[in-house]
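Residue numbers (the numbering used here), protein chains in the order written: chain A, 1 to 96; chain B, 1001 to 1330.
A portion of the hints provided could be inaccurate.
As the list claims (entries may be wrong) - Straight-line C-alpha distance at most 16 Å; calculated EDC-like pairs for lysine to aspartate or glutamate:
1) B:Lys1039 <-> A:Asp53
2) A:Lys82 <-> B:Glu1295
3) A:Lys81 <-> B:Glu1295
4) B:Lys1039 <-> A:Asp36
Since the hints were made in silico from the structure, they are not lab data.
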Amino acid sequence: MEKAKKVEIVIDSIHLSYLLEKLQKVGVSGYSVFKDVIGMGERGMMAGDELTDVFKNSYIFTLCDEETANKVVEAIRPILKKYGGICTVSDVLWVK
Amino acid sequence: MSLDLLMQNILNPAIMMFFLGLFAAILKSPLDIPQPLPKLFSLYLLIAIGFHGGYELAKSGITGDVLKVLLLAILMAILVPIYAFFILRIKFDVYNAAAIAATYGSISAVTFITAGNFLNTLGVNYGGYMVAAMTLMESPAIVIGLILVSFFAVKSLNDDLNGNTSRLNLKEVLNESLLNPSVYILLGTLIIGFVTGEKGWKAVEPLFGNLFKGMLAFFLLDMGIVAGKRLVEVKKVGTFLIGFAVLLPVFNAFVAIGLAKIFGLSKGDALMFTVLCASASYIAVPAAMRMSIPEANPSLYVTPALAITFPFNISFGIPLYYTIINNIWG
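Modelling step: build the complete structure from the supplied sequences, incorporating the hints.
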């Protein structure tokens, strides 16, 4: 097993493609996405029952080294500040 | 408004399905339509209405009268968000006022389709070019909303992510306005319907013509559920916005009826034009506003459009507007 950083992000589905572009630009080589995530937060109830993605979240997670994780955080901080959402980084063991 | 006309509208299967969904949500029934299906129904309705409109347009041809209607449509799509914005500024900040104004400046395709259904029941025709008018009315409000923000916002709270202070990123605005799914699919199917004409329409009619009313009823069931869930938020938006969500559409309808009379639109076209001006977008514009004006609260622009204006228009508005038009046109 190898030490790695797990970056988890929850953001409005509507901004998903923009966020994924940013991740790739900073060198993230792979990620997983849950597209239809509902929940509750500072933007109110995200019930996911609209025809647009206005009230729906997406969950993204990726595993990377510490340097890339720092770049990811810096790249997405302005997005989170502008549109809302959360991002956490944790230490994990990557089974290889 | 005659009671007969009102009852005839409300006793339509599609409208009753809407209320069935609405009451399911109010009574907390676990009735639910799996998520991808409403999107499919919505696409189906847009394709059907676009295709049929294109076919009707091919039959009637693009005449001076058609261009007149299209110009009127654009005029109203620009005017409505501007005066709506100044009314909303009484209570709301620039961001929320602009986002709500854009929502009410744009149109609701489902209200339009329901009005078409209402006219069909009465045996009154409307031109296929009204679909083109609808397509043209969807986007200007988005652009006007962004222009209003860039004019009236004291300073941008959150400047563009790239550091640009201008909110009018031309590429982004055009992308939002012209390539949003409903505009794209409506315009695309309108062109396909126009180019393929009667032969094309006959080929797709079994799916997009014969099944239309049933699909509309199914879609409205879902709309009822969604609107019912949003009803709990109505109290939070305040009495000003609740009043606005009913009175602005009625005011827009009066302006539209006046313009339709002055410019000599037929009775059917006048109703469809009126419904377009009186309806509010709860699909295309909210998505664009969430992207472009993140400072605005989506509950304030989605809830009134979806939970007040839409049910009002499809149950009372359409027969009310038609009664007025019928009395004036004779």
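Hints versus structure:
1. B:Lys1039 <-> A:Asp53: holds, 11 Å
2. A:Lys82 <-> B:Glu1295: holds, 8 Å
3. A:Lys81 <-> B:Glu1295: holds, 11 Å
4. B:Lys1039 <-> A:Asp36: It holds: about 14 Å lies between the C-alpha atoms, which stays within 16 Å.
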